[in-house]
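These protein sequence lines map, in sequence, to chains E and H. Sequential numbering of the first sequence, starting at 1, is according to this note's numbering. Sequential numbering of the second sequence, starting at 1, is according to this note's numbering.
Since the hints were made in silico from the structure, they are not lab data. Don't take each hint at face value.
Stated by the list, open to error - Among chain H residues calculated to face chain E with C-beta under 8 Å, some are:
hint, residue
1, H27
2, N31
3, T33
4, F62
5, R105
6, F106
7, R108
8, E109
9, M110
10, V114
Claimed, not checked - In silico BS3-like links for lysine-lysine, alpha-carbon gap of 25 Å or less:
hint, chain 1, residue 1, chain 2, residue 2
11, E, K89, E, K206
12, E, K87, E, K169
13, H, K184, H, K140
14, H, K167, H, K184
15, E, K370, H, K60
16, E, K107, H, K67
Keep in mind that this is a model prediction, so the values were computed, not measured. Just so it is clear, CB atoms sit at the ideal spot from N, CA and C, and this is done for glycine as well.
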Amino acid sequence: MIYFDNAATTCVSKTALDAMMPALTENYGNPSSLHLLGQTSNQALDEARQTVAKCLGAQPNEIYFTSGGSEADNWAITQMALQGQKKGKNHLITTTFEHHAVLHTMKRLEKNGFEVTYLDVHEDGVVRPEDLEAAIRPETALVTIMYANNEIGTIQPVEELAKVCHDHKVLFHTDAVQAVGHLPIDVKAQGIDMLSLSGHKFHGPKGVGALYCRRGVRLTNFIEGGAQERNRRAGTENLPGICGMAAALQEACDNMEENNARVSAMRDKLIAGITPIPCTRINGSLEHRLPGNVNASFEGIEGESLLLRLDLAGICASSGSACTSGSLDPSHVLLAIGTPVEVAHGSLRLSLDEVNTMEEVDYCLEQLPKIVELLRSMSPVWEQMQKEGRC
Amino acid sequence: MSGGVDSSAAALMLSDLGYEVLGVTLHLYDNETIGLESRTCCSLDDVEDARRTCWSLGCKHFTLNRKELFLNEVITPFVSTYQQGHTPNPCIDCNRQVKIPALYRFMREMSGEVFATGHYVRVEHTADGRHLLKKGLDAKKDQSYMLYTMTQEQLAHAVFPLGEFTKEQIRQFAQEKQLTSAHKPDSQDICFVPDGDYVDFLTRHTGHAPEPGPFLNPEGKVIGTHRGYVGYTIGQRKGLGVPAASRLYVYEKDPETNIVRLGEEFRIYRQELDANRVNFIGMDSISQPIRCKAKIRYHHAEQPCTVVQTGADSIHVTFDEPQRAIAPGQSLVLYDGDYVLGGGTIL
Numbered sequence: 001m002i003y004f005d006n007a008a009t010t011c012v013s014k015t016a017l018d019a020m021m022p023a024l025t026e027n028y029g030n031p032s033s034l035h036l037l038g039q040t041s042n043q044a045l046d047e048a049r050q051t052v053a054k055c056l057g058a059q060p061n062e063i064y065f066t067s068g069g070s071e072a073d074n075w076a077i078t079q080m081a082l083q084g085q086k087k088g089k090n091h092l093i094t095t096t097f098e099h100h101a102v103l104h105t106m107k108r109l110e111k112n113g114f115e116v117t118y119l120d121v122h123e124d125g126v127v128r129p130e131d132l133e134a135a136i137r138p139e140t141a142l143v144t145i146m147y148a149n150n151e152i153g154t155i156q157p158v159e160e161l162a163k164v165c166h167d168h169k170v171l172f173h174t175d176a177v178q179a180v181g182h183l184p185i186d187v188k189a190q191g192i193d194m195l196s197l198s199g200h201k202f203h204g205p206k207g208v209g210a211l212y213c214r215r216g217v218r219l220t221n222f223i224e225g226g227a228q229e230r231n232r233r234a235g236t237e238n239l240p241g242i243c244g245m246a247a248a249l250q251e252a253c254d255n256m257e258e259n260n261a262r263v264s265a266m267r268d269k270l271i272a273g274i275t276p277i278p279c280t281r282i283n284g285s286l287e288h289r290l291p292g293n294v295n296a297s298f299e300g301i302e303g304e305s306l307l308l309r310l311d312l313a314g315i316c317a318s319s320g321s322a323c324t325s326g327s328l329d330p331s332h333v334l335l336a337i338g339t340p341v342e343v344a345h346g347s348l349r350l351s352l353d354e355v356n357t358m359e360e361v362d363y364c365l366e367q368l369p370k371i372v373e374l375l376r377s378m379s380p381v382w383e384q385m386q387k388e389g390r391c
Numbered sequence: 001m002s003g004g005v006d007s008s009a010a011a012l013m014l015s016d017l018g019y020e021v022l023g024v025t026l027h028l029y030d031n032e033t034i035g036l037e038s039r040t041c042c043s044l045d046d047v048e049d050a051r052r053t054c055w056s057l058g059c060k061h062f063t064l065n066r067k068e069l070f071l072n073e074v075i076t077p078f079v080s081t082y083q084q085g086h087t088p089n090p091c092i093d094c095n096r097q098v099k100i101p102a103l104y105r106f107m108r109e110m111s112g113e114v115f116a117t118g119h120y121v122r123v124e125h126t127a128d129g130r131h132l133l134k135k136g137l138d139a140k141k142d143q144s145y146m147l148y149t150m151t152q153e154q155l156a157h158a159v160f161p162l163g164e165f166t167k168e169q170i171r172q173f174a175q176e177k178q179l180t181s182a183h184k185p186d187s188q189d190i191c192f193v194p195d196g197d198y199v200d201f202l203t204r205h206t207g208h209a210p211e212p213g214p215f216l217n218p219e220g221k222v223i224g225t226h227r228g229y230v231g232y233t234i235g236q237r238k239g240l241g242v243p244a245a246s247r248l249y250v251y252e253k254d255p256e257t258n259i260v261r262l263g264e265e266f267r268i269y270r271q272e273l274d275a276n277r278v279n280f281i282g283m284d285s286i287s288q289p290i291r292c293k294a295k296i297r298y299h300h301a302e303q304p305c306t307v308v309q310t311g312a313d314s315i316h317v318t319f320d321e322p323q324r325a326i327a328p329g330q331s332l333v334l335y336d337g338d339y340v341l342g343g344g345t346i347l
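Bound conformation, chain H alone (with noise of 0.2 Å):
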């Protein structure tokens, strides 16, 4: 529980179905790390608002450490990840690696049934044992983009309960049942970024600042001076500060040589991809290449492709149409209809 109105209506929901609650807060950086002063060992409010939001449901709330856990596995690859270049996505590390991991164990180890977060996404059990993730009833909030790295086992013993509603339902719900967080506005950033500058949080956990160096354009020509690649994303135009009679678009960028290539608005633009730690749902594998529908971002219209299974977790995606600014480091996510067929990150 964040502290926020989808975990806090989950828990209500959940406990107004008869559900023992125990209610689970994550205690995953210190404000120190995300270069915080104060001396409060996270978003103390929040912990106190998920504290209050159980205790009134007669829920008992714990917070678990998993300090560690998310700063091996979600902090330091965020890291690693734009010094190579690349666009992370912590959200989704974060419930892989260590969000639903450590609900489950904690469900298991405490006897638990199931497990629940205030995700917008639902569950559904086929007949022939398989447990299948589709997308929240809400097109605009679903969720289910962050969690198509969960598991067999994992959704076997998962709940959503706010899948079926809107974010609109969910909010009223919250203020009927007269929930602290009712008010609360919905967190955008990245938690452990909450001023959105991660250029400032690389240069702070890293202890350097990023060394500026050239723009080039597609001839090879140096057309101005960046403040260090890990600074843009493929497909950026905003911010460049290079005058040119014609739109530019960051299209390459080379970790190596400092160099970020900026070119016409064609060059962004790729057709095929390549995905490894890939997780499948729908199905064990691929033995025939399939037809489905792709994100490659979590807001991205879903567009028509062919997958190829490439090895024991890599695919190989071709869209019918070129895809503009695939980044290499977020995720490829698949869909049939609602159901979410599997996902892996683009290399």
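Pulled out of the complex, with its shape left as it was, chain E reads as follows (with noise of 0.2 Å):
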């Protein structure tokens, strides 16, 4: 089996793992008890807020462990939505193509008398400082935007968009669950206020993430009970979680450079592949891209058929984002870089990482334009599009 799909999740680390035994075997004891074992749990706890810590360029009291990237998306934005509300600041800032924990909650402050401004991403997926600088208003209370997007992998501005926040004094977060562990990132040098990762986009376990919140950002609390996360966020720590997490950024830090060499040079070859393939487009833009992904769209075949027939092949891949249901719809990323909805029907994600080989991107390449080919023969859509000369 081919694991093209690390953009969904990744495979635990033999360090994450290593990590997380002792607290899941004799170090059980719970963080806020007194007792040796208590502490010896806390211990474990504070080393692996400053492993984290480091790895952003933070401090380890800015940085607040959560159940995952979604949670931390959700506390930082309705908290500080909550409070710009209370200053009468009623207007939010982010981009059309977010993830859903994003998207979803600023539909949730919407019906709560927010409005918020969807900033265009160009059809590279690409946000323009200049178009952030002139949607700001005196009444905007917070500005977020992914540093990476988790379809397209396109990156952002990060810098520069943290810049137009700060030049008019507004914060600015980022959901960066795709570039944690994959791009150099440094909270302070990058002027980012609020930071969301999740652990297992990186080798960590699941169910595990953090939120940065830099110090002089008053945040409040997201679940009410005992004094973990500093009285922020209640409930006994998930350890083993945040102890392997950690353990998985700090390998992927410090491995970063020559993992995205290798990484890249297959994403690049997947890419050079798969152009040549008739009515085929890649999405997304090819300079500011995330060294594993790659996103492609092939005319005449629904993503769904496509996924399975990889799959029947042994290669694990994705498109769009499935619904409760389990069915696909037209990715809202594609849709927002201008894609056609029966084109963006037929999309691919292919994401890969260092525990990718070359051999099997070029099985994946043997495979791919075959399945093509294959399901065009049989599609409707396909034949209409011949009959039309298009194509």
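Grab the two chains, each in its own frame, and use the hints to assemble them into the complex.
Listed below in structure tokens is the structure:
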């Protein structure tokens, strides 16, 4: 089996698992307990916090552990919005191609009286700082723009966007779930006020993430209860998860340069091999792109069938985002960059990372064109396109 | 797979026969499309039941998004047929344009050999290469009326495991095998009009309520006010709200003038009809007039008639006896004994 769905989740690395095991076995103490076992756990928790902070260029007291990226997004956005509302600020800015954790939070805030501006992400999937500047108003409470897109992998000019925000004294949050562990991040140098991350996107375990919140930004409580996470988020900490995530992040950051060189070479080979397939486009900027992301649309076919055929060929990939029933809607990200609905239906995301090999890329390039051809030969849409001389 | 007992039982039977089964559920509409507020995408519990059944058989399950197709090919024609004063049969349109083509295409895309559904019908392959559709063995459950639009190509690859059984047998089988869907009630209504109130659906879909208009008697005299012509069906007697000495029936509707005509029972009988969008199964075409039986709606006892082909996809049918309430928009299906000869949409 070839796993090209690393943007969905990654396998837990040996390093991460080794870091988790003590907390799952002998060091089972509650970090809040005062006895030796509790202290041991609390020390492990603190070390994990230091590690995560260091990898982001932050201070340990600026890191709040959460259940994942979605929780961190919800926390940051709703709390900052509500604080803004108290000061009469009821305007929020985001983009059209955010993760649903952001978009659906925005929808809920809109129902509660907020006005939200959704910035255009242009055909290349990159937000323009001047568009942001034009959208900011005196009543803007928060700007949230993702660091790198989860579907098309485009990297945003975060530093410039943060600067625009600070020039106008507006807070800047970024959903960096796809970027952390894959791109060099320094929250201080880049001027990021708040950042969300998720452990399982860089070989940590699932169900754990973190919110970075700059000192001086007042973060209100998200879960009421005990004193965990500086009183902000109650509930006994997911210590195994937190230790695993921290170790995975450390490992990812230590090897980042080397990994990215390998992964981007595989990505470029895939893109070069896919591009010659007729009526095919690569979605999103080729220049500002995550090292492991390939996103292509094949006209005339359904993404669902393509995924299932690839699955039969032993290749795990993804397309759009599945609803609860498991059925695929055309990706809101592809629609946001102006892809026609019928083209968006036939899209494919291959997301690679350092555990993949060139041999796997070669196998995929051998299978994919054949599958596309097979599915097109059964597609009424493709037949129609042929008749009309398109393609 | 709808998640109901029939499709689940069909999957189980095929799996028992040694087929490698892929379960498919079609996602046809969102709850907001059908006026429900819940944010879940569709009848999620049913999808989960279908999925669980598949997993318990060790099969994969997939949900295919056919919302756009369903909107264009089923819901939109449903609305416009009512607006024309006719009576649509959306289940037949769905089988014709969405369900069967989607399954057939998916079967080919996955390099499958056959596709199956939980319909109570049978298929027979003749020595001379025709693929015939036959009524299900259970006369009460027979669904051949719903599938007369199937092409030869589709029938060649179709398997209907329930066709040889009665509904009772299937329920018992499902119970014995402890299928989660064994005790689920049969679906009765049109899936996208779950409360059966199609007028309310039309109102929501078009954004305006039907306009009241006059009931006229056969002499052209106004005898009452109706709530909008779309809400009445040819042959309808109940719920008219017009006091009269003798029983009155809806016998004509005119969408142009919003007039609904009421009259005596004899007026709702017709002996002849024309049908278009014809699909033949038992033969390629009719060169000479043929004698057979025909149904003008799902729950109709088939009646003897003579059929003449009048065009590439149109026929003229003369019944031996006048038939009650022939409703344009419904399907006419021709039978020779247990075999479906073909059918079309009543004009």
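### Query
Minimum Cβ distance from H/T33 to chain E below 8 Å?
At about 13 Å, which exceeds the 8 Å cut-off, the nearest Cβ of chain E leaves the hint on H/T33 violated.
#### Entry: Proposed interface contact between H/H27 and chain E, which counts if any beta carbon pair is under 8 Å
Since chain E brings a Cβ to about 4 Å from H/H27, closer than 8 Å, the hint holds.
#### Entry: Interface hint for H/F106, Cβ within 8 Å of any Cβ on chain E
holds, 7 Å
### Task
Below or equal to 25 Å on CA atoms is what counts here, so check E/K87 against E/K169.
At roughly 14 Å apart (the allowed maximum being 25 Å), E/K169 and E/K87 satisfy the hint.
### Query
Holds or violated: E/K107 with H/K67, Cα cutoff 25 Å?
holds, 23 Å
#### Entry: Restraint check for H/K167 with H/K184, where alpha carbons must lie at most 25 Å apart
holds, 13 Å
### Restraint satisfaction for H/E109 [CB to CB of chain E, less than 8 Å]
With a minimum Cβ separation of about 4 Å from chain E (threshold 8 Å), the hint on H/E109 holds.
### Task
With a cut-off of 25 Å on the C-alpha distance, tell me whether H/K184 and H/K140 pass.
With a Cα-Cα distance of about 19 Å, the restraint between H/K184 and H/K140 holds, given a limit of 25 Å.
### Query
Does the CB of H/V114 sit less than 8 Å away from some CB of chain E?
violated, 16 Å
### Message
Need the status of pair E/K370, H/K60: alpha-carbon distance at most 25 Å?
### Response
The hint holds at about 23 Å.
#### Entry: Minimum beta-carbon distance criterion (8 Å), H/M110 to chain E
holds, 6 Å
### Query
Does H/F62 meet its interface restraint, that is, does its C-beta lie within less than 8 Å of any C-beta in chain E?
Since chain E brings a Cβ to about 6 Å from H/F62, closer than 8 Å, the hint holds.
Violated hints, listed in ascending order, are 2, 3, 10, 11; each of the other numbered hints is respected by the structure.
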